[in-house]
Amino acid sequence: MRKLVILGAGTAGTVMLNKLHPVLNKDEWNITIVDQDETHYYQPGFLFIPFGIYSKNDVMKPRRDFFPPGADVVVSQIERIEPQQNHVLLMNGKTLPYDYLIIATGAQIHPEETEGMKDGLWHKNIFDFYTVEGALALANFLKYWEGGKLVVNVSEMPIKCPVAPLEFLFLADSYFTERGIRRDVDFHFVTPLPGAFTKPKASLILGDFLEKKNIRLTSEFNIARVDNENKTIISWDNVEVPFDLLVTIPTNKGDDCIKRSGMGDELNFVPTDKQTLRSLEYENIFIIGDATDLPSSKAGSAAHFQSDILFANVMSAIESRPLRARFDGHTNCFIESGFGKGILIDFNYDTEPLPGKFPLPGVGPFSLLEETKMNHYGKIMFRWMYWNFLLKGQDLPIESHMQMAGKRK
Amino acid sequence: MTIKELIARTIELDSDGHLKNMNDWDESLANALAFEEQIFELTPDHWKVINYMRNEFKTKGDAPSIRKLTKESGIDTKTLYALFPKGPAKKAAKIAGLPKPKGCI
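Same order as they appear, the protein sequences are chains A and B.
Going letter by letter, the first sequence gives residues -4 to 404 in our numbering.
Going letter by letter, the second sequence gives residues 445 to 549 in our numbering.
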């Protein structure tokens, strides 16, 4: 029997299992998926929890609901990968040998990387919304908050879903307006980037939105520490920003098991061929989603587009054919802009977000780089698509390579 | 893409303002590039970072991130920001004649 092991049962790992399980011959192949716990989180939904739009139950389901029948599932933490030996050591003491390995161990937030972040004010006046716990604690805080200085700060790049901090601001603007206290909240977005977003053209448009919504922008701010006593964040070059409520997007890192395996860069992301998704070091190891060091967005849509490419390349590798499928960096983001509207952007490694109609050229129903109600419905509908189609590895009506048709330069 | 007059020769820069042709770089050009970034004197510590960056680029093909810089150059983050205010990784790469680090997306 030949063995294929998938590490991580998040979006990327689950989709890969669902694509490979039905096509690999059961008499020749044994596929195993490993994760440390049994709950699947719909991470894009965390954003809505602080504003009471989603509850905990909207974003959590048992992982087993999305595994194909007969799949070999192991619940254990991963101790480390020993790539020279072609096996994975698990915390439960077991060893999993493999012929091919897919690493889909994702990325997590690490507030403790910033001095003072997890001291006195953590989950009192300082919150994250990248974990269910953080998002729920923030929801509870916002319910009773009467206003003051709201600071949203990105610690360092890269982060999962680079548009999420902006969406948080836009939704908060909408939320406080509806509560009648918008004028009592001073909005301030503080980022290490030179502008509102990672891509210059979209950054300009999103920057205009910040201005329209009366949100102050401080760019090129690299946080050094949090002064809990004076409720201030301080940059390495001593710029101080005071807050009453700090919503932080802490440092994102790859899983600790990557560090223990000695396979990651300084943030535990695994060096990956940006087109084939194969490890730069080991021929029989592939990486997908947030675990990679690719210069594409760490987003579910990118992981989903990568899954088509990786499926083709894994099939080629096990049949000793050359790897021909190429990931182009395609990412697609529905950006909530508040008041029941949304903006849609679609881009890849080389092409910035452009205006136009999507996914059907000239028709839509979605509009790129424009604020519409339909884009918001797209985002809301997407959760249903995610649970019912995407995770199960079924095709969505969106190409994995970015398309130019329907876009204006 | 812009072309700038620096130290009496024409140097071509890329769209990020970094050297287009790495072979144009020499120590006097580094001083001129630093001047453009409001760094008026390159101290031995500046050179330690610049030389580390150039070495790293030669072996790895990418300029290192700020995290890698602090871990491997022997200079702590606070000092790095004092040497190259705002963005040490980006600024040091520029002065070292390297393209913008890929990590800065």
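Treat the hints with caution; some may be incorrect.
[Unchecked claim] Capping the alpha-carbon separation at 20 Å, the derived lysine to aspartate or glutamate pairs in EDC-like fashion look like this:
hint : chain 1 : residue 1 : chain 2 : residue 2
1    : B       : Lys522    : B       : Asp460
2    : A       : Lys196    : B       : Asp460
3    : B       : Lys515    : A       : Asp32
4    : A       : Lys269    : B       : Asp506
5    : A       : Lys254    : B       : Glu481
[Stated by the list, open to error] Residues from chain B shown here face chain A by an in silico Cβ test under 10 Å; the list is partial:
hint : residue
6    : Ser509
7    : Thr521
8    : Pro529
9    : Gly531
Note that these hints are calculated values from the structure, not bench results.
Every residue, glycine too, gets a C-beta built ideally from N, C-alpha and C.
Open item on the list: When the structure is checked against the list of hints, which entries are broken? Sort them ascending.
Closed with: 1, 3, 5
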